[in-house]
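K.L.:
Chain residues, written in single-letter form:
There are 2 protein chains.
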Amino acid sequence: MRNHIAGTCNELSSIETHYFTFGNTPGDLLELECGRLFGPITLAYETYGTLNARGSNAILIQHTLTSDAHAAGYHAGDDRPGWWDDMIGPGKAFDTDKYFVICSNVIGGCKGSTGPSSINPGTGIPYGLDFPVITVKDMVEAQKRLIDHLGIEKLLCIAGGSMGGMQALQWVASYPGKARSVIPIAAAWKQSPFQIALAEVGRQAIMKDPNWNNGNYYDGQRPENGLAVARMMGHITYMSELSMEDKFSRKLKNGEYSFSFNVDFEVESYLNYRGNAFVKRFDANSYLYITRALNYFDVSREKLLPFGRAVDTKFLVVSFLSDWLYPSWQSKEIVQFLMSRQQDTTYCEIKSTYGHDAFLLEFEEETRLIKHFLANLNSV
Amino acid sequence: MRNHIAGTCNELSSIETHYFTFGNTPGDLLELECGRLFGPITLAYETYGTLNARGSNAILIQHTLTSDAHAAGYHAGDDRPGWWDDMIGPGKAFDTDKYFVICSNVIGGCKGSTGPSSINPGTGIPYGLDFPVITVKDMVEAQKRLIDHLGIEKLLCIAGGSMGGMQALQWVASYPGKARSVIPIAAAWKQSPFQIALAEVGRQAIMKDPNWNNGNYYDGQRPENGLAVARMMGHITYMSELSMEDKFSRKLKNGEYSFSFNVDFEVESYLNYRGNAFVKRFDANSYLYITRALNYFDVSREKLLPFGRAVDTKFLVVSFLSDWLYPSWQSKEIVQFLMSRQQDTTYCEIKSTYGHDAFLLEFEEETRLIKHFLANLNSV
Numbered sequence: 001m002r003n004h005i006a007g008t009c010n011e012l013s014s015i016e017t018h019y020f021t022f023g024n025t026p027g028d029l030l031e032l033e034c035g036r037l038f039g040p041i042t043l044a045y046e047t048y049g050t051l052n053a054r055g056s057n058a059i060l061i062q063h064t065l066t067s068d069a070h071a072a073g074y075h076a077g078d079d080r081p082g083w084w085d086d087m088i089g090p091g092k093a094f095d096t097d098k099y100f101v102i103c104s105n106v107i108g109g110c111k112g113s114t115g116p117s118s119i120n121p122g123t124g125i126p127y128g129l130d131f132p133v134i135t136v137k138d139m140v141e142a143q144k145r146l147i148d149h150l151g152i153e154k155l156l157c158i159a160g161g162s163m164g165g166m167q168a169l170q171w172v173a174s175y176p177g178k179a180r181s182v183i184p185i186a187a188a189w190k191q192s193p194f195q196i197a198l199a200e201v202g203r204q205a206i207m208k209d210p211n212w213n214n215g216n217y218y219d220g221q222r223p224e225n226g227l228a229v230a231r232m233m234g235h236i237t238y239m240s241e242l243s244m245e246d247k248f249s250r251k252l253k254n255g256e257y258s259f260s261f262n263v264d265f266e267v268e269s270y271l272n273y274r275g276n277a278f279v280k281r282f283d284a285n286s287y288l289y290i291t292r293a294l295n296y297f298d299v300s301r302e303k304l305l306p307f308g309r310a311v312d313t314k315f316l317v318v319s320f321l322s323d324w325l326y327p328s329w330q331s332k333e334i335v336q337f338l339m340s341r342q343q344d345t346t347y348c349e350i351k352s353t354y355g356h357d358a359f360l361l362e363f364e365e366e367t368r369l370i371k372h373f374l375a376n377l378n379s380v
Numbered sequence: 001m002r003n004h005i006a007g008t009c010n011e012l013s014s015i016e017t018h019y020f021t022f023g024n025t026p027g028d029l030l031e032l033e034c035g036r037l038f039g040p041i042t043l044a045y046e047t048y049g050t051l052n053a054r055g056s057n058a059i060l061i062q063h064t065l066t067s068d069a070h071a072a073g074y075h076a077g078d079d080r081p082g083w084w085d086d087m088i089g090p091g092k093a094f095d096t097d098k099y100f101v102i103c104s105n106v107i108g109g110c111k112g113s114t115g116p117s118s119i120n121p122g123t124g125i126p127y128g129l130d131f132p133v134i135t136v137k138d139m140v141e142a143q144k145r146l147i148d149h150l151g152i153e154k155l156l157c158i159a160g161g162s163m164g165g166m167q168a169l170q171w172v173a174s175y176p177g178k179a180r181s182v183i184p185i186a187a188a189w190k191q192s193p194f195q196i197a198l199a200e201v202g203r204q205a206i207m208k209d210p211n212w213n214n215g216n217y218y219d220g221q222r223p224e225n226g227l228a229v230a231r232m233m234g235h236i237t238y239m240s241e242l243s244m245e246d247k248f249s250r251k252l253k254n255g256e257y258s259f260s261f262n263v264d265f266e267v268e269s270y271l272n273y274r275g276n277a278f279v280k281r282f283d284a285n286s287y288l289y290i291t292r293a294l295n296y297f298d299v300s301r302e303k304l305l306p307f308g309r310a311v312d313t314k315f316l317v318v319s320f321l322s323d324w325l326y327p328s329w330q331s332k333e334i335v336q337f338l339m340s341r342q343q344d345t346t347y348c349e350i351k352s353t354y355g356h357d358a359f360l361l362e363f364e365e366e367t368r369l370i371k372h373f374l375a376n377l378n379s380v
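For the record, the sequence lines run as chains A and B. Counted from 1, the first sequence has number 32 at position 32 by our numbering; the numbering is strictly sequential. Counted from 1, the second sequence has number 234 at position 234 by our numbering; the numbering is strictly sequential.
Just so you know, the hints here were simulated from the structure itself, not pulled from any lab data. Any given hint might turn out to be false.
No copy is singled out in the list; a pair is fine if it fits within one copy or between any two copies.
[Unchecked claim] Calculated cross-link-like contacts (lysine to aspartate or glutamate; reagent style EDC-like; alpha-carbon spacing at most 20 Å):
1) 251 / 298
2) 247 / 298
3) 137 / 31
4) 208 / 224
5) 178 / 148
6) 332 / 302
7) 253 / 298
8) 137 / 256
9) 314 / 153
10) 332 / 245
11) 208 / 130
12) 137 / 33
Let the hints inform the model, and build the full structure from the sequences given.
P.N.:
As structure tokens, this is what we get:
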């Protein structure tokens with residue numbers, strides 16, 4: 001699907017991650033939903049393109065559960081671009097020749113922003129479970145500080161898939177009218193019991209791993225077994241029955257059954273590989289914190305758009321036909337509510353066999369939709 | 001759903017489990033698909049009703065992944081009946097006033113039949129991983145010995161849900177014409193990569209548990225953490241999005257978020273309860289062996305009914321609308337093949353919101369279908 005070569009074709013090259021820290025003084029702390037005042041907080045972020053003089057071309061891109069601030073372009077020396085590079089860059093859907101694109105790693109994460117693996121300045125060791133349980137609202141509050149710091153009064157657009165879509169909706173709930181447009185993709189306005197259940201199994205896999213040690217594992221062995229199992233299960237939910245059939249069917253790695261519990265089927269091999277690769281790049285505690293934030297997420301009904309609050313925000317809601325983790329009916333719930341409030345709303349269900357992963361793979365269809373949608377916003 | 005009281009209303013009471021052992025001599029060993037000759041093998045089984053003089057009223061009921069031979073009635077002193085008591089008994093779908101019903105625990109299981117937790121007579125300790133990797137074909141071969149032992153020439157019906165349905169199909173593949181009728185419910189003629197993937201995650205949860213100890217845990221701590229996680233994941237796949245919504249929605253156990261990783265949502269509480277209860281009644285190695293047998297299961301196309309083999313078997317294939325673990329398209333594959341071979345086949349998709357569990361819960365609808373179907377068989 002990707003045919004980019006670093007440094008050619010107007011690619012974004014030599015991208016650097018920046019860091020913004022706030023909450024160093026008592027008056028500057030972040031008040032979290034749990035009631036705790038918390039700081040200092042560092043957010044890792046990247047920007048692509050240039051903010052115009054009026055500050056009216058800023059687009060905020062939100063990332064998923066296990067992703068990061070590196071959404072597009074190449075870091076010096078890297079041969080792989082950011083996670084949504086198909087969508088962000090010169091001439092792309094989020095066209096960096098026109099727009100100033102920002103992506104920041106969430107609070108609670110492990111990709112440069114303050115999270116449970118960060119050093120607690122009060123103790124000199126990583127927070128572990130002393131890190132406060134954060135919510136999607138808290139993620140947005142921290143991000144709001146960054147947006148203020150960047151001097152942006154009003155965003156042209158907030159867009160993201162999966163957890164990114166939920167952050168986008170939380171922005172509407174927390175700061176109605178702060179964005180000219182919002183694009184939640186493969187998202188929901190509240191997690192369903194099905195989604196909560198899947199997250200809880202992943203957490204139990206981690207917390208039952210003896211190496212988890214109540215979250216204190218940073219100076220010893222990490223709960224890699226539990227995290228790998230959580231990730232394997234996650235991967236199943238990101239695909240679809242059909243995409244697994246297309247990709248693996250019942251193909252055997254060595255042509256015949258081993259009559260053992262070794263890896264026989266290609267689909268087993270794939271999942272084990274993905275699980276083992278994941279534990280090298282992600283922190284188990286961050287997995288707990290971020291899935292918990294998602295479970296707590298609920299901006300349904302009046303919470304999304306307090307009655308009587310007129311906003312001039314345009315919405316583009318996108319879902320995918322084969323996505324059973326964030327199925328279309330959840331997007332339709334958002335759409336029905338927005339339309340009942342006379343909000344300017346467009347909805348599209350993209351036909352895809354890729355399941356939840358479609359949001360990262362169906363970039364051609366997404367580009368067609370989003371490019372037009374952004375071009376039609378009259379405030380740029 | 002159940003309104004039975006032990007000992008009343010023509011219930012089957014004082015049911016006992018019987019044991020049949022074979023393979024005590026070299027010539028009597030079972031030749032397994034892996035090539036190994038194996039024995040002795042004990043099968044736990046129960047029977048309900050009476051075999052008629054012609055031996056023509058025997059019905060074989062097949063159980064699921066984690067179930068057992070106790071399909072109906074009450075063991076002395078028990079206040080809960082067998083797992084399919086809604087369907088088996090006087091006047092019920094499998095009417096024990098008319099039929100002689102048999103249910104046996106599979107080889108590889110842990111409910112009285114020989115499995116990895118059984119004592120290896122060669123060593124005096126449990127087999128553990130020295131137990132051979134068995135297949136659904138092996139399960140049926142062992143069961144065939146039992147049926148021969150009971151003196152049954154031809155079965156009136158073989159019926160079962162989920163893995164039970166796959167055993168029923170394996171009977172057709174291994175012994176075409178051996179049954180007058182076959183009822184595979186919520187089953188498939190081969191496991192899909194999606195089903196293999198789910199099983200592999202469960203196995204990895206168990207095998208990554210340090211207490212698993214390569215299968216040698218019977219004299220120490222058992223891999224309860226891993227098995228509980230596997231079961232929690234399993235439970236999600238047995239329900240449907242809608243049944244979880246109906247049963248739990250986002251209801252909280254204590255009315256508010258705890259801002260911790262404790263159990264907050266009722267759905268979390270349910271899954272943890274189920275996972276922890278399961279480890280007390282099931283052996284982790286049996287979970288590995290039986291899921292592996294399911295992964296290996298494939299009687300698609302010519303394997304199900306070798307071309308040119310005319311059989312006078314009637315088929316009733318049943319699936320459930322909200323079952324996403326064994327979705328209807330898998331049942332339809334079986335039906336299409338059978339009909340292309342001019343087999344007498346009836347198919348019904350039952351409307352249900354219970355997901356895969358529907359097979360145990362929608363007994364009224366199943367009773368209507370099966371009672372008629374059995375009554376119309378002209379050989380009784």
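K.L.:
Take the hints in turn and mark each one as holding or not.
P.N.:
Quick rundown of the hints versus the structure:
1. 251 / 298: between (41 Å within a copy, 12 Å between copies)
2. 247 / 298: between (35 Å within a copy, 18 Å between copies)
3. 137 / 31: within (11 Å within a copy, 62 Å between copies)
4. 208 / 224: Answer is both; intra-copy 11 Å and inter-copy 10 Å each pass.
5. 178 / 148: within (11 Å within a copy, 76 Å between copies)
6. 332 / 302: Within one copy only: 16 Å inside, 44 Å across.
7. 253 / 298: between (43 Å within a copy, 17 Å between copies)
8. 137 / 256: between (51 Å within a copy, 16 Å between copies)
9. 314 / 153: Classified as within: same-chain Cα gap 17 Å, cross-chain 72 Å, threshold 20 Å.
10. 332 / 245: between (28 Å within a copy, 17 Å between copies)
11. 208 / 130: within (19 Å within a copy, 27 Å between copies)
12. 137 / 33: Within. Shortest intra-copy distance 7 Å satisfies the 20 Å Cα cut-off; inter-copy 56 Å does not.
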